[in-house]
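Take the sequence shown: its position 221, counting from 1, is numbered 221 in full-length UniProt numbering, and each next residue is one higher.
Heads up, a few of these hints could be off.
Stated by the list, open to error - Mimicking BS3-like on lysine-lysine, the simulated pairs with C-alpha atoms at most 30 Å apart in a straight line are:
| no. | residue 1 | residue 2 |
| --- | --- | --- |
| 1 | Lys156 | Lys304 |
| 2 | Lys121 | Lys62 |
| 3 | Lys76 | Lys62 |
| 4 | Lys233 | Lys121 |
| 5 | Lys300 | Lys156 |
| 6 | Lys270 | Lys121 |
| 7 | Lys62 | Lys300 |
| 8 | Lys121 | Lys76 |
| 9 | Lys50 | Lys62 |
To be verified - Here are the computed distance ranges between Cβ atoms for each label pair:
| no. | residue 1 | residue 2 | range |
| --- | --- | --- | --- |
| 10 | Asn263 | Glu303 | 31 to 37 Å |
| 11 | Gly118 | Arg43 | 27 to 33 Å |
| 12 | Trp119 | Gly86 | 34 to 40 Å |
| 13 | Arg293 | His214 | 15 to 21 Å |
FYI, nobody ran anything at the bench for these hints, they're computed from the structure.
Where a beta carbon is used, it is the ideal one built from N, C-alpha and C, also for glycine.
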Amino acid sequence: MPADLTVPVSPLAQGALSSQDEEDDNPFVAGKVLGAHLRHLRRSNGLALKDVAPQIRASISKISRMERGESPPREKDVLDLVRFYGVTDPDHLDEIRELLRQSQSQTWLHQYSDITPGWLKRLIGLEDSATEIRSYEVHLVPGLLQISDYTRAIIKAAMPHATEEEIQRRLDLRRLRQRLLDRATPPRLTFLLDEGILMRPVGGPHVIRQQLQHLHRLSEHDGVGIQIVTFEKGASIGPGAPVAHMAFPAHGPSELIYLEHINSALYLSKRSDVESYRHVLDELAVVAETRRRSRVLLEKAIEKFRSQEQG
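Kindly generate the complete structure, drawing on both the sequences and the hints.
Below, the structure is given as structure tokens:
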């Protein structure tokens, strides 16, 4: 360790992160916390990324990814770094090793790894650790709010040759993802839905009616806000693809933006990017119908599809 490096007071050593409950004990949370702590140690020692990379024979981009918690780091790399930063306290090192273990742990998601791309695995972990999620959806009901028959219709349209077993596994994965709605302390959820979602008969009149009834029931819960962005008011504001803003507890990065594409996703944590998309969501929230008025629009759409069923 260079002689001029000083050992910073560690949030880990102070126990600031040791009170996480089991709900927060997942590899995504642990990776974010570990990355944020590595950044804290580096900056406390007055070091830039370029100063650190040679210590583990890594590129600057690799160190940056480690600090963002984007992938489970190698134990040797982490321990070499923290020792370079001057961490020698056994308890502190044990807590870092525990975060490493958690970041590399196998969760229930592992059994679905063959049907879960990396960007979706990360989304599921982030949803599970978020304290607040606010999203804008353009074409489909958000995955967290989908009923099984609605999801089934989407899967069959996207994968016309899928077997019943393949479809069922994806339905099981979706249900497991939705468990966060039933937690004792779920994240606060706000969904801004494009009006077209209420008119698109995914699965036919019967399925979409049931899906809209499910949305109506959920909208009556205090922790779930559903607001409709009408064609008239949202045309000039809304982005052309789904976007979500996620806020997190004090440990790790406080917020990020999720941008969904057809077969991939982009995660943005740069302050200017977060502020830009957060501003878009703020504007959409202003022009969106109130929760009460949105329920009225849901009721009208439900009746329309009920009439089609009967006709």
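Check your understanding: For this structure, which hints from the list above don't hold up?
Key -> Those not satisfied are hints 4, 7.
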